[in-house]
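Visitor: Here is how the chains run, residue by residue.
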Amino acid sequence: MLHLRLALLSTVFLLPMAAAPALAAKAGVTAAVNQSAQGTPPGGGIRTIVLGADVLQDEKIDTTGKGLVQILLADGTTFTVGPNSSLTIDHFVYDPNAGTAQVTASLAKGVFRFIGGRTSKTPNGVTLNTPVGTVGIRGAVVDINLVPTAEGRRAQIDLLFGQEVTLNRQRIYQAGYSIIVGADGRLRIVKTPPGSGDLIQLILAGHSHQTGGSNHIPDDKIVASSGMPPTNSEYPVTDNLPPPLLPLPTTDFGDTITTVTADANDLTTNGEVTPPPPPPPPPPPVDTRISGTFQGFSAGLGSGYVETCGMTPFSTILTNIDPNDVTVDFSPSTDSVGGTFALTGGYLLQDISVGFGDGSSGGSSSFPSNDAFTATGTGSAATATLQYTTGPGSGGNGTTFASHGSDTLASCTCDFLQWGYWATDFDAEGEGNNGTGHVSAVGTWVTGDITSPEDFAAYSEAQANYTATYTGNAVGYAQEPDEIGTHRATGDMSMTWDFGSRNGFVDITNFDGSHEFSTSVSSSTPNGQFSTGEGSGSMNVNGAFVNNGSDKAAGVIGNFSAYEEGGYQATGIIAGQRTSLDLTSPP
Amino acid sequence: MKSSCVHFGALIWAVALLSTSAAEAAQAIAPLDSNVPPRAAATDLKQIAAKRQQLMAAMMRDPSNLDIAFEYASLSAEAGDLEGAISTLERMLIFAPGLPRLDLELGVLYFRLGAHDTALSYFQAALDPANHAPAPVREKVEAYIAAIGKQSQPNQFSGSISFGTQYQTNANGGPSSLFVDLNGLPFVLSQSAASTPDTNAYAAGSFVYSKDLADQGDRFVVGLQSYGSLYKQETQLNTGASELTFGPQFNLQRFHIDDASLAMYGIAGGVLLGGYPYLASDGFGLNVQKGLGPRLHLGLTSEFRNQTYFNSPDQPLATDRNGSNVRLLATAQYHVSDAFSVFAGATSERRNAEAGYLSLLQLGASLGGTVVFASPLPQLADPWSFTLWGGYLQRNHDAPDPIVNVAQAEVEHEFDIQGTLNVPLQQGWSMQTTLSYRDVKSNYDIDNTTDTSALVGFTKQF
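Residue numbers (the numbering used here), protein chains in the order written: chain A, 115 to 701; chain B, 58 to 519.
Just so you know, these hints were derived from the structure itself, not from any lab.
Every value quoted in this text rests on a predicted model; they were computed, and no experiment measured them.
Take these hints with a grain of salt, some might be off.
Computed footprint of chain A on chain B, listed as stretches where at least three residues anywhere in the stretch have a Cβ under 8 Å from a Cβ of chain A [what the hints assert, rightly or not]: (1) 120-131; (2) 170-181; (3) 307-316; (4) 361-371.
Short derived list, chain B residues pointing at chain A, Cβ under 7 Å [unchecked claim]: (5) 96; (6) 98; (7) 101; (8) 103; (9) 106; (10) 144; (11) 151; (12) 202; (13) 205; (14) 206; (15) 266; (16) 374.
Where is the CB? At the ideal position from N, CA and C, for every residue including glycine.
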């Protein structure tokens, strides 16, 4: 009976509306209505709004203090209209095929929530005229509160979610911000004041004993058994976090660690076995190239293997003691250099001899300047003593001999010296049952005008009360305990020599960064050569004095080899010039 | 060389194709009104869209029909149109004010949109004693309130820590063969240079502090990434690394560029290797992020670093690497569905070092995907995920390394593939199992390496 009465009542109130605005277009429907709410269609009388009623364009919707209406437009856009509010849908068009929609509405007073369907995804799709200005909405959920407060706020517009909201020329583009219209009409953009969202929520959520005009009331069981929880609340909290629209830059440690690992195992080094040849200089008016045969010292790191019943790898330091074992001949007239190195090694590779340059070495040479010369020698110009037996070399890449190129000795001008780099590679055949092997080596060399025993004896006698200091550098190759191969290294060298006692000290500092070696040296006879005394330091040195033209014993050259606990080893040449001559004791 | 160009070209082509396909797919199947990546399978989206259209028309005819309303709301949530679901459930709430389960669903929907204040209002309403929320509802609501408490702070601190162990078949990056060619000379490397398997224990941390600035969506962000590993045998590889980034992040919506940010940041970092200082770096970076709809995200990062290396007994020539580093990285991530996403990246990096042979230009590309699937173990309810990733890098060195090859600079081709299974445990902990393979091919024998590794780790997010 009650239903019948309500139905009759509705019919009575709807009839005038249905008759008067027959030409007015439908904008949407009322999807929920808490009474009371009234509609005033264009040209029609006031009607009570009920659930499911059409909302017409230009129809003014008013709610009372307990009234609440949700208006659903065909594109999915909804307006929730709070109590004591007034709204008119001025214009609404929707093109489902194009997926576009536009709505213009007038919000005269009250509280509203706008949730955009296609309207807010259409450019300029939402225009809301309010007493404080025109609101534009793009892709957003927005609360609009036009209820003035005692504190003087005329209106507040909150962006709950989405792209942007504009009011006149002010714009919010970050959720959680609001535009506040003051009593003076000024607009401020602020973070949404705490509590204001709760208040609007309370206003728009309906109240107990009201059912939005529906006879079908959802309860706990209906919601729980609907399809909603499985697609929403049943997911873990972490899976429901919003996507990170503004992620942070991140460090690619993978690359760093990969690089570190690769660095830690890098074979090389800044070693230069063969310095790149510099461009040939213009022909000098006078040939200043050095000429003649010079002796000196060399040192290198050799590796390879001996093959008898299996392959046994070796690694050894190669040096010479007698300067006559390292000989280089410079011949400007034939634009050639050549020579031989005979160096002593260790257990498996006891010694090698290599030849290079034109002639019997089978190689070639070039001698454009004092700083740029190279020579090569074939593998057959080499010999090696493998496991006590000496055999001829063959094959391989042979020997490369080169000047120091653009490298310089930082602490020694040393123009009266020649130095550089060399490398060799050849197969060696042992005699008898000692099998074959392969030798590879890189090293440095230095030569000069060795002070003859006679000249050195005379000079020593004349300077018997003096101690000379020689300053220069050490250049060679080093190998870390776990290093694959070797790396080139340099350091400072200083030597003192008491001509009276024929004793001295050699110090190498800052070698390969921070390594330091020292040893005492002596000469058993005044022949111009010196070497390490037994058990006297952290390295072995072999060397000789050299002349600078007529200046006898003006420099020192030699080689060194050093080992450290833990496996670090280094070898190379030393070269220095006399920088002082001080009285050792009164004459 | 030719084949490597083909590889690189193919990958670039694949990335370009992916981007094009993704954009087309985004237009074709992503509804204009989706706010988040859909939870439904991509193949179902068209059908869901048609059904939603029918349900909308039915709702317009009969807005009080609960069956229609709930079906429309759940399909909207599946399709990623959370606004559609919200407006429908808010109507249901007008029908049944104070219904805790509706408050829960609405709170979760707003939470998923990032509207934390509104979500909190609904969650608090659900806990109103007058509404007698069932225990399961209360538990869920409390979990969300705790999450909101962390997310909505103006000053946020978040991050993750992880630790685990990794086995590598070639931990020291040794060459594939001990017989190498140095300037045409065959050279036998010592046994200590051989590739060596080893196991390490590692720990890593990622920490982010973020402070809201005065303007909308702008933040000042401080990030710290750190990593440390200890090897069982190859102790010279023991690594400690940290990098700090700090700077403002601007919301580009101020220039009417949607879903976009620009971050400008300073960089300071350092690496310890084998117990010795190895690298100190400082620099700056720019990062631009852009969302094209809820499913496609693009990123562009450019970083410059000054790098100062330190010599040590293990690394006597590290200072040869002193120099600078400029890196450009472009990334794209596409959420095909809630359970499947693909990603691609392209990188270009210029390293300038004191030694010419250590200076190089690196180009690369990567492609991968993540599948999320239901846990096969009833004890672990949260879904698992599997990520498969592959990449290619080409490094062209500037100058020859004179001790290896005086005539020819090094060219490296690196291929990587990696698969990771992520298993969420409890209280923010998860377990990762990763298998990866790395293959470097170079015209320098000494750098030809391969490495297979297996990693098991645990991560705690907070």
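Visitor: Does each hint hold? Answer for all of them.
Guide: Hints versus structure:
1. 120-131: holds (count 8)
2. 170-181: Three-residue rule met by the region 170-181 of chain B, so holds; n is 9.
3. 307-316: As far as the region 307-316 of chain B goes, the hint holds, because 5 residues have Cβ atoms under 8 Å from chain A.
4. 361-371: With 3 residues close enough to chain A, the hint holds.
5. 96: holds, 6 Å
6. 98: Violated: closest Cβ of chain A sits about 13 Å from residue 98/B, beyond 7 Å.
7. 101: With a closest approach of 12 Å, the residue 101/B hint is violated.
8. 103: violated, 14 Å
9. 106: violated, 10 Å
10. 144: holds, 4 Å
11. 151: holds, 4 Å
12. 202: violated, 10 Å
13. 205: Interface hint status for residue 205/B: violated (10 Å vs cutoff 7 Å).
14. 206: violated, 12 Å
15. 266: With a minimum Cβ separation of about 11 Å from chain A (threshold 7 Å), the hint on residue 266/B is violated.
16. 374: Since the shortest Cβ distance to chain A is 6 Å, the answer is holds.
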